[in-house]
Amino acid sequence: MGQRTIIPFGPQHPVLPEPIHLDLVMEDEKVVEAIPSIGFIHRGLEKMAEKKDFQEMAYIAERICGICSFIHSMGYCQAIEALLKLEIPKRAEYLRVIWSEMSRIHSHLLWLGLTADAFGFESLFMHSWRVREKLLDLIEETSGGRVIFGVCKVGGVRRDVDAETLRRALEALAALEAEYREIAGVFSRDASVKRRMTGIGVLPKEDARALGAVGPTLRGSGVAWDARRLQYAVYGELDWAPITEEAGDCQARCLVRIREIFQSFDLIRQAAGKISDGPVAVKVPGNPRGEYFARLEQPRGEVVYYVKGNGTKNLQRFRVRTPTFANLPPLLKILQGCELSDVPVIVLTIDPCISCAER
Amino acid sequence: MMIEEQFWETLDRAALPARVGTLAKEGWRLVQICGSCHEAFEILYSFDKDDRFLSLRVAFSKDDPVLPSITESYFGAFSYENEMQDLFGLKLTGLKLNFNGNFYRLAKKNPFLDTPPAVAPAPGGVSS
Amino acid sequence: MPHLVIAKLLTKSAARKPSTRLYPAEKRAPPKGARGRLVMKQIETCVFCGVCGKKCPTRAIAVKRTDKTWELDRLKCIVCGECVEICPKDCLAMEGEHATAFVAKKIETHVQKPKPAASDPT
Chain C
1 MGQRTIIPFG
11 PQHPVLPEPI
21 HLDLVMEDEK
31 VVEAIPSIGF
41 IHRGLEKMAE
51 KKDFQEMAYI
61 AERICGICSF
71 IHSMGYCQAI
81 EALLKLEIPK
91 RAEYLRVIWS
101 EMSRIHSHLL
111 WLGLTADAFG
121 FESLFMHSWR
131 VREKLLDLIE
141 ETSGGRVIFG
151 VCKVGGVRRD
161 VDAETLRRAL
171 EALAALEAEY
181 REIAGVFSRD
191 ASVKRRMTGI
201 GVLPKEDARA
211 LGAVGPTLRG
221 SGVAWDARRL
231 QYAVYGELDW
241 APITEEAGDC
251 QARCLVRIRE
261 IFQSFDLIRQ
271 AAGKISDGPV
281 AVKVPGNPRG
291 EYFARLEQPR
301 GEVVYYVKGN
311 GTKNLQRFRV
321 RTPTFANLPP
331 LLKILQGCEL
341 SDVPVIVLTI
351 DPCISCAER
Chain X
1 MMIEEQFWET
11 LDRAALPARV
21 GTLAKEGWRL
31 VQICGSCHEA
41 FEILYSFDKD
51 DRFLSLRVAF
61 SKDDPVLPSI
71 TESYFGAFSY
81 ENEMQDLFGL
91 KLTGLKLNFN
101 GNFYRLAKKN
111 PFLDTPPAVA
121 PAPGGVSS
Chain D
1 MPHLVIAKLL
11 TKSAARKPST
21 RLYPAEKRAP
31 PKGARGRLVM
41 KQIETCVFCG
51 VCGKKCPTRA
61 IAVKRTDKTW
71 ELDRLKCIVC
81 GECVEICPKD
91 CLAMEGEHAT
101 AFVAKKIETH
111 VQKPKPAASD
121 PT
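Chains as they are written, first to last, in this note's numbering: chain C, 1 to 359; chain X, 1 to 128; chain D, 1 to 122.
No incorrect hints appear here.
In silico DSSO-like pairs for lysine-lysine, Cα to Cα no more than 27 Å straight-line:
| id | chain 1 | residue 1 | chain 2 | residue 2 |
| --- | --- | --- | --- | --- |
| 1 | D | 27 | C | 134 |
| 2 | X | 25 | C | 205 |
| 3 | D | 32 | C | 90 |
| 4 | D | 41 | D | 76 |
| 5 | C | 85 | D | 55 |
| 6 | D | 64 | D | 54 |
| 7 | X | 109 | C | 51 |
| 8 | C | 313 | D | 55 |
Taking CB as the label site, the calculated pair distances span:
| id | chain 1 | residue 1 | chain 2 | residue 2 | range |
| --- | --- | --- | --- | --- | --- |
| 9 | C | 147 | X | 52 | 30 to 38 Å |
| 10 | C | 130 | D | 107 | 36 to 44 Å |
| 11 | C | 163 | D | 105 | 37 to 45 Å |
| 12 | D | 74 | X | 91 | 42 to 50 Å |
| 13 | C | 27 | D | 76 | 49 to 57 Å |
| 14 | C | 147 | D | 69 | 29 to 37 Å |
| 15 | X | 54 | D | 54 | 35 to 43 Å |
| 16 | D | 20 | C | 313 | 44 to 52 Å |
| 17 | X | 52 | D | 76 | 39 to 47 Å |
| 18 | X | 62 | D | 23 | 53 to 61 Å |
| 19 | C | 27 | D | 24 | 49 to 57 Å |
| 20 | C | 126 | D | 54 | 45 to 53 Å |
What the hints contain is simulated information worked out from the structure, not anything from laboratory work. For glycine and all other residues, C-beta sits at the position ideal for the given N, C-alpha and C.
So here's chain C without its partners, still in its complex pose:
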């Protein structure tokens, strides 16, 4: 047994702009154990719900994360709507699906760029973000915001997208898909990318299940669990199936995300084809009472919203279990036994969003 050293990793690290600190216990070049600590940017947003009006809280929920922002507000609104037994208009449900799939594409493109950066492929990073930028323009055109959409509210959505804008958005998305196809080809076929990802950070199926992994981390290990299967919003009316890869390594998690982007393009097309005319919001009747768990699929995995209301305008308890928090135990497991130089790539393949995890 060699001598053990401890290398601190983060919260400020050149390749990982996320405020997580890992104490890496090393034996020569191998990681024996990783000890995490978080809380550097804990904002106490869950506590804030006890003082804020439940309708205004949708804006705060959206700000839990700057990347999967829309699905956060959508999850919060769905939880409150379930408490109020509120049926929201079909058109609003379709718009929510379109926006959440746009947000998935933008999040996955961001992730692809960051991963390319983590293994030192700068031009691939730039190209991923070039495509993402065009998508952000589309998001701004349809919702009004680039990253914080600000369109979801309890009872529906705050703005309608007219037929002309939607048609133009679909055309732009088709052009984007063609551009993205070239980038996806590099990620899935290039030898230098494969060398950094194949066989690295393997998470076996049983471990993924037992440690509670979610999202592409779980699906990359061959478990077909996707919270969209619960058929919230209008996912039940669209034709799709969870995407899985069997290998469980970094490459598999990357491939899951690459294929999910294509799937999201397809889901947007399907939803835009089926959308019907009508109102986009209903009036909110009274205050929430009772408790409910809403579960949605974010780009990073399943997010759980727990709300408990007592009939006043403030919630009694608001709790978010973000996907990154659930993916921490599997991360610690796959870091055991890896090389020090692979740590950034492995940490990135769970798509960590520590700001999400620290509500």
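Fit chains X and D to the given chain C structure using the hints.
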């Protein structure tokens, strides 16, 4: 809009490890653990199996903040249990991976334990 | 294993003009409906009902009926547009262009000038 049917079970904390052990054997997936503390502690454990959603509710007094850990059955629960330990000051017995209060680096110890002060009117708005 | 799969993408990219803009010399026109910043379009028609301040989720707007002032703390404003939607007199507007950076905290104050006394026709 689909409102999912959710099942609830209330049980005593002493009975928790055994019940969770059964669920683990039956193949349920641990979805989340949520701690809350108002008049008393209330911990919710949520599980999922074949699209069935089950939550266990464990409530106990603030004077006795001790809770048995479920890491024996679900090792991945250590992150939630360490979180509760740091935010609420709970003591987890039998926690298999215990960071001893170093999981969250917080400026204030156990920040979620205090009950918030009564709602103060926010500044701004209209005044005449 | 195929090497340099990115070559095709790079060749295309080299032949094309840059994807970036020479900001701030060259600015992008914001798309229609973008939420950039909140502006007080016309203080003259404001009736100081204060609905915007009540509706504001961050309490960035303060309306004083007695002084006839309308104040905005731009650093608090999250550009959600609730106030623009609710304003009964249509005084507020959302511009597509974003607010510029700040060097100091400042509260923007708009004061309504007293209306000239209606002249007596007799």
